[in-house]
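J.: Using the sequences and the accompanying hints, generate a full structural model.
Every position in the sequence shown, counted from 1, becomes a number in my numbering once 16 is added.
Hints listed in this document are in silico derivations from the structure and should not be mistaken for laboratory results.
Beta-carbon label-pair distances, calculated as ranges: (1) Phe103 to Asp257: 41 to 51 Å; (2) Asn253 to Lys177: 18 to 28 Å; (3) Ala154 to Gly192: 48 to 58 Å.
Below, simulated DSBU-like cross-link-like pairs (lysine-lysine); rule was C-alpha separation at most 30 Å, straight line: (4) Lys298 to Lys157; (5) Lys288 to Lys298; (6) Lys315 to Lys194; (7) Lys288 to Lys177; (8) Lys194 to Lys270; (9) Lys180 to Lys158; (10) Lys296 to Lys270; (11) Lys191 to Lys177; (12) Lys298 to Lys180; (13) Lys180 to Lys288.
For each residue, glycine too, the CB sits at the ideal point set by N, CA and C.
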Amino acid sequence: MPPFLPQAQLKAPGNFGNALARLGVAVGEAIEQRRTKNALAEFARTNDPDVLIGSGNNALLTLGTSLRNRAEDIARRKEERAQDLAFREAQARRQQANADRAFALQSEKAKADALFKLNALQSKQNRLENILTPGQKAIDKKFAEEVVNFNLRGGFVDVQKKIKSLSKVVSELEKGEKNLTGGFLGLVPETVLPLVNRDAADALDRVAGIAQESLTDILGNQFTRAEAEAFIRRAFNLGLDESVNAGRVRALVKQLGRAAEQKRQAIEFFEKHGTLAGFKGKLPNRGEFEAILEDLDRKKNPPPAPSPQAQTGRRPRLRYTVIGP
17 MPPFLPQAQL KAPGNFGNAL ARLGVAVGEA IEQRRTKNAL AEFARTNDPD VLIGSGNNAL
77 LTLGTSLRNR AEDIARRKEE RAQDLAFREA QARRQQANAD RAFALQSEKA KADALFKLNA
137 LQSKQNRLEN ILTPGQKAID KKFAEEVVNF NLRGGFVDVQ KKIKSLSKVV SELEKGEKNL
197 TGGFLGLVPE TVLPLVNRDA ADALDRVAGI AQESLTDILG NQFTRAEAEA FIRRAFNLGL
257 DESVNAGRVR ALVKQLGRAA EQKRQAIEFF EKHGTLAGFK GKLPNRGEFE AILEDLDRKK
317 NPPPAPSPQA QTGRRPRLRY TVIGP
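T.: In structure tokens:
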């Protein structure tokens with residue numbers, strides 16, 4: 017009977033034995049894995065540890081118990097996270113509700129204060145009916161509407177908060193840590209700016225929003241919405257260096273403070289006397305704000321020095337040098 021093994025394996029029984037041993041180990045591992053899988057499946061179905069013990073493998077019992085404990089721990093942690101998230105959401109809803117109630121109360125109080133002051137003004141103006149000229153009456157009527165709107169928007173307290181918020185932007189620009197303006201940012205459309213530089217977009221939104229509200233509070237309707245937006249873009253230009261924008265916004269903040277003080281004095285006089293007739297102070301106007309930026313633009317781009325001819329009004333004399341033969 018011919019041998020069933022190749023001649024090479026017959027001549028090298030040691031190598032063949034090693035290969036057979038490796039095959040036996042692989043088969044044993046496969047059988048053990050299948051037995052383990054079946055035992056674990058039965059344990060998961062019945063939840064009976066005897067299933068694992070009966071298999072004659074205490075390691076399976078330990079593994080199964082460990083897996084079950086781990087699954088229970090994961091489920092417990094998941095439930096704890098869900099409870100914590102629900103608690104935080106409920107807390108946030110309570111805080112938002114409290115803030116909404118406080119805002120509503122503040123708005124109602126502002127409306128009541130504005131109505132009370134308006135009634136007091138009307139009483140004083142009625143007493144001045146036969147004293148004021150038609151022009152003075154027209155000025156007082158327009159200013160009274162402006163005062164009412166100003167008080168409804170929060171009055172001087174709100175203006176001071178807005179000025180303080182702009183001052184924070186100035187501090188961020190002066191530090192120069194976030195690259196809020198300058199370089200290629202001047203070429204980025206505002207619609208995609210949040211995707212390119214979120215800090216720069218936030219700074220632009222703060223300056224644009226706060227400055228426009230402050231201009232409306234202080235100047236009334238002297239600026240249209242489009243004019244106010246154009247003015248703010250001049251005051252805060254994404255294409256300019258942070259240090260330059262810091263100086264421009266700082267100048268805007270100072271002018272807002274001066275204009276707010278002018279308006280405060282005018283309103284106090286108006287509420288006391290019922291008219292602006294006789295007021296010696298100065299009312300804020302848009303020309304002062306525009307002059308601030310024009311002055312900054314001149315400093316940035318100074319005019320060229322005049323030529324000698326422009327200074328003397330005469331042409332310079334030409335001098336000739338005769339060169340001999």
